[in-house]
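Novice: Residue strings, one per chain:
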Amino acid sequence: DAGVIQSPRHEVTEMGQEVTLRCKPISGHNSLFWYRQTMMRGLELLIYFNNNVPIDDSGMPEDRFSAKMPNASFSTLKIQPSEPRDSAVYFCASSFRQGVETQYFGPGTRLLVL
Amino acid sequence: GEDVEQSLFLSVREGDSSVINCTYTDSSSTYLYWYKQEPGAGLQLLTYIFSNMDMKQDQRLTVLLNKKDKHLSLRIADTQTGDSAIYFCAELNYGQNFVFGPGTRLSVLP
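Protein chains in written order, with the working numbering: chain A, 1134 to 1247; chain B, 3 to 112.
Simulated from the structure, these hints should not be mistaken for laboratory data. Since the structure is predicted, the reported quantities are computational estimates derived from the model, not experimental observations. Wrong hints could be hidden among the right ones.
[Unchecked claim] With a straight-line Cα cutoff of 30 Å, these simulated DSSO-like cross-link-like pairs (lysine-lysine) come out: (1) B/K38 with B/K69; (2) B/K38 with A/K1211; (3) A/K1157 with A/K1211; (4) A/K1211 with A/K1201; (5) B/K58 with A/K1201; (6) A/K1157 with A/K1201; (7) B/K58 with B/K38; (8) A/K1157 with B/K69; (9) B/K58 with B/K70.
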């Protein structure tokens, strides 16, 4: 299996622009997680999905952030408009079942908002 | 609430053993994990231990769990420069989500 795939690996954008991050979970996994990692705050869970349905988005910073999972093999995390404080590494992870199984992480998208 | 703590930095000499420590607060943790993050990469699962176990060994890695003290450790024998990375401790409670520690940055000196 190719593992969790994320794209792009790096994104540099200007403040105010829309940013879309993409994730393909491991085939057969039913749960998908979006995390943000910064030096100051460490690893933060933003949102997770079970069977394509968003379950808990309490970690999403504010209304500028939105996530979708239109099917079992694809999810997006969108930031609109982006701000410099959104600069971070965004990880996607998937597991067979939420709360029971190990999570496997993608390589991350390094976002820099100027 | 749930909290996982780790020391932030550890330096060892190549060939020595490294011991990375972690404490957690939730006594109902089901599994405890160690993940490794190399520079510019995602988190890679290293090993995990079920909460009813005391020890787990996997080649150079030894995980010790003291459930009474809520203390987890990862020992890396014969530490190599390739072991330099950030090591995250994480706990999982059945039906809940992972709670990650802040990570311990291991530096291996030649």
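Novice: Evaluate each hint against the coordinates.
Specialist: Now for the hints, and whether the structure bears them out:
no. : hint                 : verdict
1   : B/K38 with B/K69     : 22 Å, holds
2   : B/K38 with A/K1211   : 27 Å, holds
3   : A/K1157 with A/K1211 : 15 Å, holds
4   : A/K1211 with A/K1201 : 8 Å, holds
5   : B/K58 with A/K1201   : 38 Å, violated
6   : A/K1157 with A/K1201 : 12 Å, holds
7   : B/K58 with B/K38     : 17 Å, holds
8   : A/K1157 with B/K69   : 36 Å, violated
9   : B/K58 with B/K70     : 17 Å, holds
Figure legend: structure checked against the earlier numbered hints; hints not met, in rising order: 5 and 8.
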